[in-house]
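Asker: Below are the chains, spelled out letter by letter.
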Amino acid sequence: MEKFVYIALFAPLAGSLFAALFGMTPRKIFVGIVGSLFIGLAFVASAVLAYTLYTTGTVVHVRMMDWIQAGDFNVSFGFVVDQISVTMMTVVSLVSTIVHVYAIGYMDHDKSFNRFFSYLSAFVFSMMILVMSDNFLGLFIGWEGVGVCSWLLVGFWYHKADKTREENPSISPSWAANEAFIMNRIADLGMLIGIFLLYWNTGSLQYDEVFAQLPYLSETVLVGAAIALFIGAMGKSAQFPLHTWLTDAMEGPTPVSALIHAATMVTAGVFLVIRSNPLYSMPEVSDVSFFIASLGTFVAFYAASMALVERDLKRIIAYSTLSQLGYMFAAAGLGAYWIALFHLGAHAFFKALLFLGGGNVMHAMHDELDLFKMGDLRKKMRGTWIYMTIASVALAGLPPLAGFWSKDAIIETAFNEHTYVLWGMLVLTAGMTAFYSFRQVFLSFHGEDRHTPLGFHPHEMYRFVLIAMSPLAVLAIITGWFMNSYKAFIYQIGDGVQYEMSEHTHHLATYLGLIVIFFAVSGIVIAYLKYARTGEHAFRRNEEKENGFFYKLLKNQYYVPKFYEEFITKPYMMISEKFWTEVDLKIVDATVDGIAKFLYSAGDKTRSMQTGNLSNYLNWMAVGAVLLLVIAAISAMIG
Amino acid sequence: MIGLTHYLIIAAILFSIGLAGVLRRRNLLMLFFATEVMLNAVNIAFAAISHYYNDLTGQMFAFFIIAIAASEVAVGLGILIVLYKKHGSLDLDDLASMRG
Amino acid sequence: MENILSVLVFFPAVAGLLGFVVDKNSIRTYGITVVAIEFLLSLWLWLGFDMANPGMQFVEMIPLIPDMGISYYLGADGISLFIIVMTTLMTLIGMASMGETKNIKNMILSLLFLEMTMVGVFVALDAILFYLFWELSLVPMLYIVGAWGGPLRVYAAIKFFLYTFTGSLIMLVGMLFVAYIYHSLTGVWSFAITDWYALVLPVNYQLWLFVAFFIGFAIKVPMFPFHTWIPYAHGQAPTIGSVILAAVLLKMGTYGFVRFSLPMFPDASVLSITPIAVLSLIMIIYTAMIAYAQKDIKQVIAYSSVSHMGIIMLGLFAMNAEGLSGSVFQMLSHGIVSGALFMLVGMIYERRHTKLMSEFGGIAAVMPKFALIFGIMLMASVGLPLTIGFVGEFLVLLGFYQVSPVMTILAGTSIILGAVYMLRVMKRTFFGPLDNEENKKLSDLNTRETWSLIPLVAIVIWLGVYPKPVLAPIDNSVKALLSFMDEKAITQEAKDLIRLSNTTKGGN
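Residue numbers (the working numbering), protein chains in the order written: chain C, 1 to 639; chain X, 640 to 739; chain A, 740 to 1247.
Just so you know, these hints were derived from the structure itself, not from any lab.
Positions of the beta carbon are idealized from the N, C-alpha and C atoms, including for glycine.
Treat the hints with caution; some may be incorrect.
[What the hints assert, rightly or not] Sample of chain A residues lacking proximity to chain C, with all beta carbon distances greater than 10 Å (derived):
1. L901
2. F916
3. L946
4. Q1033
5. E1061
6. P1124
7. F1129
8. A1158
[Stated by the list, open to error] Which bits of chain C does chain A cover? Going by a derived footprint, with three or more residues having C-beta under 8 Å, they are:
9. 65-77
10. 247-255
11. 279-287
12. 510-518
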């Protein structure tokens, strides 16, 4: 089995290096094809591993080589393929393969086509390290690796100039890339601290060894580690207050948004919490876990509210990603780790599909993303319309599509844990989710044709791209049907991830499900009435409402980016300038130069003694002699 | 009875006179005289202390000083004459070519 | 093999003397050949080095002034071995990539003499010999900055010289005092560092001596607030000068702490953990912020050097094997990465004769190779895992966490602030629209430049993925150093703070 582990891990790297060979040459279509084949190979290997694990239940654990050894510290490159990591591996490699194929079509006209594939495959490699690693530091390699690849890919169109925030909320691709990297770094510091804490208290960083030590650790250490690791997760998974980078990251090419900022990288934080489930299930850290659940719920609601008024197609999907990540954290925080993981997988499929469909629209509309400039696209882009509708239904959580099963389970968990406030908010958010996702579908594909008058002539995407997307559509529909077999699969891992609803909840399950469906359907109906109709009831912009307080508040993302700019970025720049010009040059350096100048001017001043007059010299000599005598006398008296 | 102290007082007075001359006088020739006075003050002290301790080393040293003073005057006066010929003055304030 | 250290020290100097008669047109080839042979010699040293032996190897000892106990005494251990290899490597690469053509002969001869003094500092085991090489290293550097530098070169060169010279004089007083104590305790004079190690000094003596040595080393490192000579030196020095300065000369200071301060004054070192950590934190955060405010790319890297040296200083005083090994490793990593960054800045300066970020923008489009290598070095500089920069920085922070979690969190901001100023350079120089006409004509790296950078890229990745060949010998020597300090320390507090091994609570 080791062979498959290494194939799954290194095939993407090989693909990336292969593409890098052609990185500075003009577009070569085979680079994309070979890249996709390598990722496909990784998917096959992952699938084989998953199947073997499913049938035999044996966890594969390989240790490749030493990495860092100093003092007692010893970390090696080790990989573990268990139920959790194999789920991630399969999801990641599958979505990656599809996105790679998709990108061959989407990046067709880009002159940096080869470079793009090099970065994209490097990302998959980093993600594989992240999920497969058997220790926290290995996870950290992947963690930083995906960060860098995300930086490269968000800033892929680096040549675009900075704009004002009013013109483009994300300013520019290179700005968004830096924002994403730096914000993640802030969180990474938290994660590093968690790693230090665990190392000094358990003597190891390997998952199994660390988790075996957990019962012997003090409460402070457990809580500290749980908080620190979660801070790391907050950055990668864009939880409040480190969330602003995710929407700005939409500046990257759409395949990147689909792969990195929807399906895989942003779920790394959720993965970390699931991976560390023994830590987060400790009774001592129950407060931290509850905080995670509450924050997740809050973010689910918060992000959904911003999506309600957004006009930018990609940013809506980004908000929905944020919101769904909130759902996952809610489940993980409440202890339903396997449900979180299941939602993670299902979400990856339908969200990637949604993004890729959005990419098709963007491609057709020549990078125009404003929903108000679209409308009635379904006639020209039938395939994309179908895909987007499937994905939106899945996202809205209507049975029997994937989103229903996983999201409903999360909401049910909140009920089961008697956290009714969370439950209420999650149900409400489910309604909002249905509303904004259908608002987006109706505004772009239904209603009145607003794009032809503006001179757009949309056309459908290449056929092979649509075909490549079909597995995602199928999975977005059927994933939910396998929830119970997945449950059996993941339960093999042991007590940690098992979670069952109580008898009482079980009893009420149908009603709870119906409530969720009711909210979701209402959302869709409202969206339909407002946006989908033509003629007399057709959608018209309402200036008055758009200038209202709430609308503006939501539109400006609660002024959080503005706040960061005014209270963090600008003061930091100002203090830095001051440190340089006022402190370093005028105090520290001036002191040094001052000493030098003092010595110099002292010499200059005393030079006047050198009159050349022998008589003066003799006088000074006498003064010196007297001084020496006095000193000698005094020291004789004292001594 | 005239004792060591008296001699030393005389030597100190003479030395001070010489020192004052060295500090105050501007004429080089006068400086030479003042230096001679100081040297002789030291000679008196040497001779007196030598006698006091019954040790001839001091008196011998005084002779050395007399010899050195004589040769110094010889060389110094020579230089003074050359200086006077060159500058027409022996005033120190006029001779400040070493000003820094 | 017995005399390899002498050969390493004097080969460049002898070759430098012979170089006076070499023709001006072939001096470049001559110089590169010499430093290449020197590099191979250092590799041979590595090859012959017994990795399992943590003590001094290849020891040579010839008494020079036996009455005063001054001798020609050389030796290398795991800590100095790799600094020597890094020194010869960076000299080779710096010289090979050098674009300077003015007075090339003088430049190459200066570099050869400089190489002698640098290697000499790292192998000297006699304090007087150490001091000699230490001071001699200033002379060629003074000349390099003063003769080939920018408009303010004379000011910068004199400032560099006088500042470091003042510090080392105080250090010299410290050395003489140690020798005096040694004499009064044992009745014989000795300047051999290994003899001095045996001295057990009272704590107040240790403190005073620690301060004397500290001033000498701290100015060289340079520690806050003694760092202000470095922006001038880097700002004015020619590329090769900055490369050598950042890669090697700064390491002399931190090496001095390892060679003198820690083993000779263990109690004083433990007592000064907090003040030094505070200074290091200021270096890390304050200079990172200053780096962010810079307009000149080279100045950003100069200040970032100070910030990274703060990490190294922090690791030295972590008093455990993780931190100390990480710190020594970080010296190598910083040498290679900052050297490469200075070379890269030099390359762009040769093309455009400016280093101001505002003059650039979008040049990734015309110089993709340059942008790629700059990007790799940038990532190494901000400590990305699997690059050389991560290993050292991680170990230092890990080690210091044991001393003080709060200070480690503050020091950890270096991974954020480092990214902030480095990414700003990247964005303003390489990204954005290419709208300056001058920049549209820029040519990408030529063969000479590419091939002088590729070895560094290879090392950055190799040692990031597999640091063991370098880290293991360092770790060996560091462990020996720590157990020596523990044995020697006289106060219980110091013994408690020096952590040998098995200190993790769950460890077994």
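Asker: Could you check the structure against the hints above and give me the numbers of any it violates, in ascending order?
Answerer: As far as the earlier hints go, 1, 4, 5, 6, 7, 8, 10, 11 and 12 are violated by this structure, in ascending order.
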